[in-house]
Amino acid sequence: MIEVDRLTKFYGNHAAIRDVSFTAEPGQILGFLGPNGAGKTTTMRILTGYMPASSGTARVAGFDVFEDSRDVRQRVGYLPENPPLYREMTPFSYLSFVAQIKGVSRGDRGAAVQRALEATATDDVAKQPLGTLSRGYKQRVAIAQAIVHDPEVIVLDEPTIGLDPKQVIGIRKLIKGLASDRTVILSTHILPEVTQLCDKVVIISRGEIVAEDTTDSLTATEDLEHVFLRVTASDVVADGDAAAEEPGAAEATGAETSAGPSEADSSEDSEDEAGGVDSDSPAGDAR
Amino acid sequence: MNNIWALAWKELRSYFLSPIAYVVLAGFLFIMGFMFWNMLAQFSRFVAIYSSMQQPGMLEQLNLNDMVIAPLLGNMTVVFILIMPLVTMRLFAEERASGTDELLLTSPISTLEIAFGKFFGATMFLAVMLGLAFVYPAVLMYFGDPEIPQILTGYLALFLLGTSTIALGLFASTVTDSQIVAGVLAGGMMLMLLLINWPADAVGETMGAVLRYLSITEHSSDLMRGLIKVEDIVYYLSLTSIGIFLSQRSLESLRWR
Chain A
1 MIEVDRLTKF
11 YGNHAAIRDV
21 SFTAEPGQIL
31 GFLGPNGAGK
41 TTTMRILTGY
51 MPASSGTARV
61 AGFDVFEDSR
71 DVRQRVGYLP
81 ENPPLYREMT
91 PFSYLSFVAQ
101 IKGVSRGDRG
111 AAVQRALEAT
121 ATDDVAKQPL
131 GTLSRGYKQR
141 VAIAQAIVHD
151 PEVIVLDEPT
161 IGLDPKQVIG
171 IRKLIKGLAS
181 DRTVILSTHI
191 LPEVTQLCDK
201 VVIISRGEIV
211 AEDTTDSLTA
221 TEDLEHVFLR
231 VTASDVVADG
241 DAAAEEPGAA
251 EATGAETSAG
261 PSEADSSEDS
271 EDEAGGVDSD
281 SPAGDAR
Chain B
1 MNNIWALAWK
11 ELRSYFLSPI
21 AYVVLAGFLF
31 IMGFMFWNML
41 AQFSRFVAIY
51 SSMQQPGMLE
61 QLNLNDMVIA
71 PLLGNMTVVF
81 ILIMPLVTMR
91 LFAEERASGT
101 DELLLTSPIS
111 TLEIAFGKFF
121 GATMFLAVML
131 GLAFVYPAVL
141 MYFGDPEIPQ
151 ILTGYLALFL
161 LGTSTIALGL
171 FASTVTDSQI
181 VAGVLAGGMM
191 LMLLLINWPA
201 DAVGETMGAV
211 LRYLSITEHS
221 SDLMRGLIKV
231 EDIVYYLSLT
241 SIGIFLSQRS
251 LESLRWR
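These protein sequence lines are chains A and B, in that order.
Position one of the first sequence corresponds to residue 1 (the numbering used here), numbered consecutively onward.
Position one of the second sequence corresponds to residue 1 (the numbering used here), numbered consecutively onward.
Next up, chain A with everything else stripped away, as it sits in the complex (with noise of 0.2 Å):
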């Protein structure tokens, strides 16, 4: 479970986030919504033991994020938004070594990999050097990393970027069964992703929390696309005032989401031409 008690991060002078609270229960899959630069990575590297907070709490697993950080982090499953992998790895060999650092004992290590190698369909090119593979089987290669150690938390930063229809079920249908009896974390754009998996939702725009709910009645009197607009609306007003006030504050902020990803995009879309590897299928089969 995950209690988060006024958490602050200050980046100098900057609030990345302020005073951002909120509660998820095992079982339940909480989708984390906002605004690019919101700040929901910052809220997800706290949670995850990456960063400390500047003020506040906040409890994972029954451990404290700060206290007991390594505890946390053995705990918890996290996908951040750049897939952390290494190319020349093969998933095999990439799987195994992160179990090894998780803390998963030699004799559990090969049925975990094989386990998540299976949960995320990756298991045809488990020997195939992650460099050479397609979008898709990056980022399931990189939830399976993020499950392999069977973890009570998982942190999930934009798990279906990148991926086709076919596969978005796939990893939807794949969270839902873990969140059986973990709690996850979930932050998307897709809106329609956050009504079909997620049982609560938390907005966050400019730092703070704007809504905490369960999905149901949040959009009990209107859809969710509305719910997001009407709660961050202040955001996009706000949002051109900051930049003429402070335009390096307002670009740092965005820098730090918006940098990343569209980077990640770009290179990952010349390596896929180059290879001609077929998304759906496996980069050996397809030349």
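It is worth saying that the hints were derived from the structure and are not from the lab.
Each hint should be verified, as a subset may be incorrect.
If you want a taste of the chain A side facing chain B, the calculated C-beta under 8 Å gives, among others [stated by the list, open to error]: (1) Met-51; (2) Gln-74; (3) Pro-80; (4) Phe-97.
Where is the CB? At the ideal position from N, CA and C, for every residue including glycine.
Model the placement of chain B on the given structure of chain A, informed by the hints.
Same frame as chain A, but now just chain B:
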């Protein structure tokens, strides 16, 4: 310990899965071979000249250790300073550039374990380099009669120098996500440590002694002549510890940005 080993093994494998290992090994062995061949040729020229003089006493003075091995290993220190940054520059800069640092820093391993894992990974590669470079003394042993202990202390000097370079290079690699910058920083630091004793004669007794102590070559020359001195070993181990310590601090600071 388990985590350190996992990382070190991953590092060593990555070297051999990318062209860098083969390029570095080939370059290193080629340059060393070229030097070796030149020194050996010079040595045999001397032998020929001295024997034609028909003065047996002078011929006795020629020996392989002083004329081939010591200068060969001495010159290798400079080659090391040029080559080792190519080995260390990717150690953490690549992780930062590709986003895999986020995986390492959200895994239940400490930054000290990361620093040691990376260090030992590169050190294993160094051992492979030096192991292959043993072919040159082996040639001497086959055809001549060099003093083996001196060869071993000479290689020990190179190994210790190598580990110091790795530790400082690792630090350089943690402060930037650009491999080029990391390589230049590492090379610059080592070059400075090589040259630092140059003004030693001009800056007074105390300062001169300090600068001499800091210099890499001051500490390798005795070892390469077969003399093991505790202060030399301590010097290299201190450099290595400082490098690993700074790397750990630098890695930890990544969390606080």
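Exercise for the section: Hints the structure violates: just list their numbers, smallest first. Expected result: Every hint satisfied by this model.
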